[in-house]
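Asks: In case you want the letters, here they are:
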Amino acid sequence: SQQGEEDPQALSIQEGENATMNCSYKTSINNLQWYRQNSGRGLVHLILIRSNEREKHSGRLRVTLDTSKKSSSLLITASRAADTASYFCATASEANQGGKLIFGQGTELSVKP
Amino acid sequence: ETGVTQTPRHLVMGMTNKKSLKCEQHLGHNAMYWYKQSAKKPLELMFVYNFKEQTENNSVPSRFSPECPNSSHLFLHLHTLQPEDSALYLCASSQDPGTDTQYFGPGTRLTVL
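Chains as they are written, first to last, in our numbering: chain A, 1 to 113; chain B, 1 to 113.
The shape of chain B in the complex, shown without the other chains:
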């Protein structure tokens, strides 16, 4: 479980706040992902980064802004969120994008008031 870390583990924010989620992988992988997991819904892929370059933006609203400064770190900047954005946000990494096994972090439980 320590291969991919996420901070914070829990976050409560108001609709006008700005916050950031952080993900770090210690596995030497080239690809990193953000997923959103809401109750009773399948995991939704949000963003994919390969060698720091964004290769997938799955029609995510602009109030979510990803940043990947290097292959080991991934951020998700949040601003003016809505209550329906409350969910578990999961970061994952894999050796390469595509069909490889993905390794997940523990997630950040986000509540938007």
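Bound conformation, chain A alone:
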């Protein structure tokens, strides 16, 4: 069964606005990671938050984790046209055989100039 599910599937905003993407998962995790993918290219790691952390910042990115609700959110502040991409959450759990990351379907973010 799919572990991470992002919401919304697509998001369109104006430059300068904030973008919030959510991720829900089903089983306990060691950490949750957010990745970004520009069209037709590889994924780029953005941020990793461990199960004992609640919030983490990196530049204009803010990630929160609520293990009681099994959910995470990614906030991009003061968005730019260059932030247009797909964003994926991935959950990591020692319980996953081989310790594999399980990716969600992603949120397609479009930032209009």
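Calculated directly from the structure, the hints in this document are not laboratory data.
Treat the hints with care, since some could be wrong.
Chain A side only, calculated, beta carbon under 8 Å to chain B, not exhaustive [to be verified]:
1. S39
2. G42
3. A92
Virtual Cβ for every residue (Gly too), placed ideally from N, Cα, C.
Got chain A; can you put chain B on it based on the hints?
Replies: For chain B alone, coordinates are given in the frame of chain A:
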């Protein structure tokens, strides 16, 4: 982006052809992965290698044959593929398998005619 390289970037092949995808990582990592990304579907893990040994085969058809001659190189040999195998094939590496951050290559866009 130069940490993990993939060649070729684009490949068109017929159903009777044999071709190979190549991945090389320059990060000194121990684990390497092949993923398949089809339109509108989550990233699908295909194979995991740890210290050159295959530790995961995610029920992948035998027409996909991986090879890992050393910790820096990973190949995916393709033969008698089907049109539904058309997808973006992504290689990734991480320090160790499990819950570590993964670093992705740019991918090979494969089209099977």
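Asks: With a cut-off of 8 Å on the beta carbons, see whether G42(A) makes it to chain B.
Replies: OK, holds: G42(A) within 8 Å of chain B, min 4 Å.
Asks: With chain B as the partner, please determine if A92(A) meets the hint condition of a C-beta pair closer than 8 Å.
Replies: holds, 4 Å
Asks: Does the closest beta carbon of chain B sit nearer than 8 Å to the beta carbon of S39(A)?
Replies: Since the shortest Cβ distance to chain B is 10 Å, the answer is violated.
Of the numbered hints stated above, the single one contradicted by the structure is hint 1.
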